[in-house]
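*Asks:* Chains as they are written, first to last, in this note's numbering: chain A, 1 to 413; chain B, 1 to 346.
These are calculated hints, taken from the structure and not from any lab test.
Virtual Cβ for every residue (Gly too), placed ideally from N, Cα, C.
Keep in mind that a hint or two might mislead.
[Claimed, not checked] Below, computed lysine-lysine pairings styled on DSBU-like, alpha-carbon distance capped at 30 Å:
#1 A:LYS72 x A:LYS365
#2 B:LYS340 x A:LYS365
#3 A:LYS43 x A:LYS182
#4 B:LYS126 x B:LYS171
#5 B:LYS55 x A:LYS365
#6 A:LYS104 x A:LYS182
#7 B:LYS36 x B:LYS226
#8 B:LYS126 x A:LYS365
#9 B:LYS340 x B:LYS226
#10 B:LYS36 x B:LYS126
#11 B:LYS171 x A:LYS365
#12 A:LYS104 x A:LYS379
[As the list claims (entries may be wrong)] Cβ-to-Cβ under 8 Å is the rule here; a few derived chain B residues that face chain A:
#13 PRO16
#14 PRO18
#15 SER19
#16 THR21
#17 GLU118
#18 ASP124
#19 LYS126
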Amino acid sequence: MSAANNPLNQKLEPVSWNFNLLSQNNLGGFGGMGEGIAIQLAKDGRRIAWLAHESAPKNFTGVDVSDPRNPKVIVQTELPNMQMRSNSLDLSGDILAVAYQTQKTGMKPAGLELFDVSVPEEPRSISFFDCSGPHSRGVHQLWFCDGEYVHMAAGAPDFNPSHPNDDQFYRCIDVRDPSKPKEVGRWWMPGTSATDNIAPPPRHPLDKGYRAHNTNVYPQRPDRLYLCYIDGGMFVMDIKDKANPKVISHWTNSPPYTGFMHTAVPLFDRNLMLVTDESTEDNALDWPKLIWMLDARDEQHLVAISTCPLPPVDAYKDRGGRFGAHNIHENVPVPSSFQSDQIVFGTFFNGGLRAYDISNAYQPKEIAAFVPPAPNGSKIGSIQLNDVYVDENQIVYTVDRFSGGLYILECDF
Amino acid sequence: MSGVCGCCYNPNMNSPFPSPTAGPFGRRLKRARGAKVPVTVLTGFLGAGKTTLLKRFLESPEGAGTAVVINEFGETGIDDALVRGSADETLLIGNGCLCCIARTDLQETLRGLLVERERGELPDFKRVVIETSGLADPSPILQTFSTDRALGDAFYLELVLTVADAATGLKTLEWSSEARKQAILADRIIVSKSDIADAEPLRARLRALNTSAEIIEAVNGAVDPKSLTEPGDGQRNPFVAEAEHSDGIASFVLTFDAPILWTVWLRAMDTLMAMRGGDLLRVKGFLAVDGCTGPVVVQFVQHLAHPPVELRDWPDDNRQSRVVFITRGVNEKAVRGLFKAVAALN
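Pulled out of the complex, with its shape left as it was, chain A reads as follows:
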């Protein structure tokens, strides 16, 4: 019997176990949020959450979360037009990096903008790095933690993909002088540039593109890039020479799975790696989208050993919108980020927020769940939790993709 048919659960009760909701803020009615959350420990002692929006008209929002039970929007910025989005952001110190992606190739502005947010209420633009071009939609995602380099999934004016869906690749931007960002390295999956002399990769049935997505680099291994490439799987890259990134290994689950590899997070001390898919199809048509656990003892030979168990698809597929894995807390190497190699936090769209105990890497175990009711203004009738960030005090920040804005929770496990 499905959840929807069971007379005991016709209301599809919200789920909340081992998470306590402290507050929700719909961000002034602009609560459709993307996949960028950063926490600033401001010099005046406040804690500011910087949030990326899923789509125009808003650019980014700053929320004072010093009191997590009473978050206050302190600034909300506008995009210059409605044909673009700033889905991703990251913060190092007081410098905020924001990704601009346009709806179509050839549009502007498409690129990377750096802001000085030392006065959080008054973000001040430092520079803009243009990535627009006849075949570029700009920047989809970026990683900026060390104050020196922005690692990002971006198009470029001079890049001509072999397939229009493959326009974004890995680019490393030196921002040590934040007023003058400059590219120091780039890499694309062989076959995805029209100039490559090998055949383009075969298209997947859903064809989400052979494009870079998350571009994670950690201080434990500054010479390694953990690069997810959507339909191209995941690459461990040697970036010791930033100008010449080299492939160390490649891992993919698709086919037989349906592509869209999203994020790779190494757990260095345990020789493990987490890799996530992103669900992109409504009603779980691309089920199962998972968080994968890889044995990374030998980085050249990665072995999938388990997945974090999904909630039952029958209970969620008809609730509206997407169901399945997306973002996880990435142990972002900044002081305001929770670091753990034993607990994984992930968002699953209408499957909500989930936490897993991975003490036993072969048997991840769900230890907490939060599936709130559909937020006001939801156009699909269900929650779509999109991204998650956990701060150093284990306060959890998660956002809805369409209207719910920011949910702040404490862990109860």
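Following the hints, position chain B against chain A.
*Replies:* Same frame as chain A, now just chain B:
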């Protein structure tokens, strides 16, 4: 790590992926139950007011999302008319709460709850309250969570709560050994009907039977709802005198000032369980284990040991090991002697 035996429950042992931030007993937990579903076992004398108490609790905000399991059909339930009017075993009772009747087997009922929650067929529940029939011996229920591996992995017995009424409780304690056992095994005792009878004689008798349980009073089921959810803190009190009861049941608190070697604890308890396991009605407490930063929670019910867990923090400034023993015919002196002998041989 020194002092930690390889046969304990350490996920880092025999793993290619040990975590340097884990303790000898795995991930350090915020509290003993970790992420398991907390279970309150509600026992009480016949007519003591268990159901009134439970109804009040379910109507409170704290009671939302409770699954009530009535462990014997025929007992006056949470909503008798509703129970009898339905062919189903599981019923919605409002406030996001569920009611199940364990007609045959408590374990089966609890497993069913888990499976149906997993499938999304039941609303989410955050805790389980097991309402026992009037004069049931709670021991088998305590054992359930130790013997059934699947249940023990999902549920955690957080609290044994016993309701005794001021009007007739004293007499019940005299004639019923089950009632005495309910009082002795309780983490918390609620004295009901103190508005119609003097509660003091009953309190004194209960205190003699159970020196570590918190005893509170309820009028018409009115108690702080947290009384049904907050774990008992009896084991935090190290100053409990040894008590000998009429049924040969004794309770005492074993304390150690210095951190104990895990091997010593394990060997001594192995011996005790092998020789007198059936007489260890309940053993529960905090240990300061050599090599651990937080307290290690240990629990035993007769021959069965719960996996130990290390907490992140001590609950107070006291760093002494303190473990409450409730035994039948096993006295403190013998247990202390055993620990001393094992320590000397280590």
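*Asks:* Work down the list of hints and note, for each, if the structure agrees.
*Replies:* Results for each hint:
A hinted pair counts as satisfied when its Cα atoms are at most 30 Å apart, and A:LYS72 with A:LYS365 does not qualify at roughly 35 Å. In summary, the hint linking B:LYS340 to A:LYS365 is not supported, as the alpha carbons are separated by about 40 Å, beyond the 30 Å threshold. Only pairs whose Cα atoms come within 30 Å are accepted, and A:LYS43 paired with A:LYS182 is accepted, the gap being roughly 28 Å. Between B:LYS126 and B:LYS171 the alpha-carbon distance is near 37 Å, which puts this suggested pair outside the 30 Å criterion.
For the suggested pair B:LYS55 and A:LYS365, the alpha carbons sit about 33 Å apart, so the restraint of at most 30 Å is broken. With a C-alpha separation of about 24 Å, the suggested pairing of A:LYS104 with A:LYS182 holds against the 30 Å cut-off. A C-alpha spacing of about 18 Å is found between B:LYS36 and B:LYS226, which places the hinted pair at or below 30 Å, so the restraint holds. A C-alpha spacing of about 17 Å is found between B:LYS126 and A:LYS365, which places the hinted pair at or below 30 Å, so the restraint holds.
Note on B:LYS340 and B:LYS226: the hinted pairing is violated, with a Cα-Cα distance of about 39 Å set against a maximum of 30 Å. Between B:LYS36 and B:LYS126 the CA atoms are separated by roughly 9 Å; this keeps the pair inside 30 Å, and the hint holds. Proposed proximity of B:LYS171 and A:LYS365 is contradicted: the alpha carbons are some 48 Å apart, above 30 Å. Distance restraint check for A:LYS104 and A:LYS379: the Cα-Cα separation of roughly 24 Å lies within the 30 Å cut-off, and the hinted pair is therefore satisfied.
Restraint check, B:PRO16 versus chain A: the minimum CB separation of about 7 Å is within 8 Å; hint holds. At its closest, the beta carbon of B:PRO18 sits 7 Å from a beta carbon of chain A; the interface hint therefore holds under the 8 Å criterion. Interface restraint check for B:SER19: the shortest CB-CB distance to chain A comes to about 5 Å, inside 8 Å, so the restraint holds. Below 8 Å, beta-carbon pairs count as interface contacts, and B:THR21 has one with chain A at about 7 Å; its hint therefore holds.
This hint holds: B:GLU118 has a C-beta 6 Å from the nearest C-beta of chain A, less than the 8 Å allowed. The beta carbon of B:ASP124 is positioned within 8 Å of a beta carbon in chain A (closest approach about 4 Å), and the interface hint is therefore held. Because the closest C-beta pair between B:LYS126 and chain A is about 5 Å apart, less than 8 Å, the hint holds.
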